[in-house]
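Going down the list, the protein sequences come from chains S and Y. Sequential numbering from 1 applies to the first sequence in the numbering used here. Sequential numbering from 1 applies to the second sequence in the numbering used here.
Watch out, some of these pointers could steer you wrong.
[Stated by the list, open to error] Now the stretches of chain S that chain Y is said to cover, found in silico as 3 or more residues with beta-carbon under 8 angstroms: (1) 67 to 77; (2) 156 to 162; (3) 337 to 343; (4) 367 to 380.
[Said to hold, decoys possible] Just some of the chain Y residues that point at chain S, by a computed CB distance under 10 angstroms: (5) R167; (6) G171; (7) T375; (8) P376.
These are computed hints drawn from the structure, not numbers from a lab. All C-beta atoms in this analysis are idealised placements derived from N, C-alpha and C, irrespective of residue type, glycine included.
2 protein chains.
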Amino acid sequence: MKRIFNPKSIALIGASDELKTVGLGLAKNILKGKDLRKIYFVNLRDDEILGENCYDTISDVKGKVDLAVIAVPGPIVKKVVLECCAKKVGGIIIISAGFKEAGNEKEEIEIRDIVRKYKIPLIGPNCLGILNPKVNLNASFASIMPKVGNIAFLSQSGALLDVVIDRNELGFSKIVSYGNEADLDESDFINYLKTDTETKVIALYFEGIKDGRKFMRIASEVSKVKPIVAIKSGRSNKGKEAAATHTGSLAGDYSVYQAAMKQSGVILVDTLEELFDTALTLSTLPMCENGIGIITNGGGVGVLTVDYCAEMGIEIPDLTKTTISLLEKNKAMARVVNKSNPLDLLGDALSDRYAAGVESLLKQKDINGLIVISTPQLMTEHEKSAKIIVELRNKYPMKPIVCCFLGGHSVASAIKYLEANGVPNYTDVKRAVKSINGLVKR
Amino acid sequence: MKRIFNPKSIALIGASDELKTVGLGLAKNILKGKDLRKIYFVNLRDDEILGENCYDTISDVKGKVDLAVIAVPGPIVKKVVLECCAKKVGGIIIISAGFKEAGNEKEEIEIRDIVRKYKIPLIGPNCLGILNPKVNLNASFASIMPKVGNIAFLSQSGALLDVVIDRNELGFSKIVSYGNEADLDESDFINYLKTDTETKVIALYFEGIKDGRKFMRIASEVSKVKPIVAIKSGRSNKGKEAAATHTGSLAGDYSVYQAAMKQSGVILVDTLEELFDTALTLSTLPMCENGIGIITNGGGVGVLTVDYCAEMGIEIPDLTKTTISLLEKNKAMARVVNKSNPLDLLGDALSDRYAAGVESLLKQKDINGLIVISTPQLMTEHEKSAKIIVELRNKYPMKPIVCCFLGGHSVASAIKYLEANGVPNYTDVKRAVKSINGLVKR
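Chain S extracted, bound-state conformation (with noise of 0.2 angstroms):
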């Protein structure tokens, strides 16, 4: 697969120039990795596409070919597929679409047992390719490249990959839409992505999982490595239908899956946006222990904060005598009287009294992470706040810190910085449980 990952040459049959087509969007994008590696444009109408030599066909390609990428129409895909096999090209991303999910699967077999008996490893058909930024590949039709990371993010759905890429807030070492799923499947990336040395974070969007063992045995063993966090869709019977006719995936019961999950160490989520949170937080911030503490200005946005926690089975510790007394010495805590995890320092609270709370809480052994919230309230200083958490962090980097600065226009820059900073903000407390949630080991 690292030929696959990192090619050396690329040929894409059914390049374009046709405006607003999928090969004219590959070809561009493959382009962009021109310096990096040799690109050929395969196509049999054209001689030149944006000002690239173009070939008829692949056995035409003089030099050796790592990656193939077929952006041809369905019905010739597996002409193109037997013209690969024989140049032996290193791989195969098939972006055509047409196959099972069309009810077409006997073809989509064909082509399957082709590879195989080529030993060629295929990706797709149905899907949208694949990225690997810190080589400057996009062999892919999605427009942007994305900010390399150590998250791999692997999807059943192209357009999800779009959406994340848009988003622009992660970093990624790997992506790759997997489409039907002919050859390999999500379980064969997770078990490359193990020893992939970039990737810190696996995170998957899936419908179906064809081979449910090989998948358990998998995860099993690389959850223990990397966390793998992951999000199923075609859970409701209305859902798996809509699943057959989007990958062609028999989407199975919703439970059987949960239990598979939890068996294998993944972190199975039920929002896109808590599957991009949890992977944000994984990939930036440090496991820890259960045992969180809750530091705030509002209460009952405090008290919201511990009802999840309960739910997600995080425990509050109690702050022990000696972080009583810590916080007892301290001036800027003379006029809160209860102190206690969670800790309300008040709505009058400066940014002294957020850096001897966050700092107590923190030396506490048992407190393994943090919540810290604040609203806007008359005196509020987010971005001295902010600040403090920031040094905090730095002093304590093995205890996690997300934030849940609320509000608008007054918090904006305090999370700018946060954020710039390397620590994560929510807007809803909620998302902030969660993704701490996604960091205690169990």
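Please build the complex by placing chain Y on the supplied structure of chain S, with the hints as guidance.
Frame of chain S, contents of chain Y only:
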């Protein structure tokens, strides 16, 4: 209560010109309504505050006082309340804390008994105050005046008001932080709002409800006339403890509250984000019968949407022969083989396909509302689609449309256009489904 929300005169007892005090914050906010009402500052120490004459006690004020706002230290609150009663003010708000939430229930009861004897309604103690944007009334220490709108927001927590006001997304008819509810409680406000013509939706944050029977009787009546959406904190044992020290509430068993809310026709939500989302949807969109259409250019996101609908009991009617034939006749739909609900317009959908899909589904009788999803794919025309959606919403105003334009910079201006034209957009499909769920009559 009319005198409280539309006062012709306000006295602020405990007005101050010391920096970063509640007394100064309140004084500044109340002064903003100077052109609309008489304002009296009361404070023993100063002769003048912010250029206004200052009275020693409220008894020294010559004119009638509709609303007395008390922000003096806890220990002298009772004395001031007695003076206000002697002055026969129209209503009292006690901002000051230090009562039931601090273990001092005795004095709170004494104060309640005093105002009840004089038949003067009391809000608080331990609250942030009230706002009525339409008459430029900010008798609170929230620093910004929110937009005028038709949402009434009642909150036991003051900090939450700051959050929602700072977000500046919602428009309000009335905002009330009612704190310890020594006298007036959530039910009294809900009852008042029933006939308040400025209010279309009532949103409520609460920790505990003291008089459950009263609440159920009033909420059942009011929810028939206007929707009530509520969030409760203090659900877990640990959360209940935290609530007790916050507003002195006995939080009670959550399952009992869930049942009571359901029976009273109150929409109970899980997160603050949902509270704000649902309030916004209810305040701007029409209610509808069950039966929703889903339109998407990304199959996977469509499948997820179906799952969330199933989870919440939202029906996804099959397309009728008439609708299918309408779609078949439309050229833009030629490539879309699978004409069903959810309607997957496919990744290469241009805005004409959105136009065809949205109008055809809106025409179907048992499709009573729409969720329209757009993901940023190679050729997606977000802005054009947004314009089409707004036009069709205008053409079919009785069927609510919520959008889910997913992504980042590619969709930003389309989202801005949608929101400016009263079509809510959500950053996660589950949020969109939950919002439309609030509109479905049951």
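Hints versus structure:
For the stretch 67 to 77 of chain S, the stated coverage by chain Y is not satisfied: 0 residues place a CB nearer than 8 angstroms to a CB of that chain, which falls below the threshold of 3. Counting residues of the stretch 156 to 162 of chain S whose beta-carbon sits less than 8 angstroms from any beta-carbon of chain Y gives 6, enough to reach three: the coverage restraint holds. With a threshold of 8 angstroms between beta carbons, the proposed coverage of the stretch 337 to 343 of chain S by chain Y holds, since 4 of its residues qualify and at least three are required. Under the rule that three or more residues need a Cβ within less than 8 angstroms of chain Y, the assignment of the stretch 367 to 380 of chain S holds, with 5 such residues.
Annotation: Y/R167 was flagged as interfacial toward chain S, and the flag holds, the nearest CB pair being 4 angstroms apart, inside 10 angstroms. Interface restraint check: Y/G171 against chain S, minimum CB-CB distance 14 angstroms, threshold 10 angstroms, status violated. Contact between Y/T375 and chain S, as hinted, is supported at the beta carbon level, the nearest pair being about 4 angstroms apart and thus within 10 angstroms. Hint status for Y/P376: holds, given a least beta-carbon distance of 4 angstroms to chain S, under 10 angstroms.
In summary, the numbered hints that this structure violates are 1 and 6.
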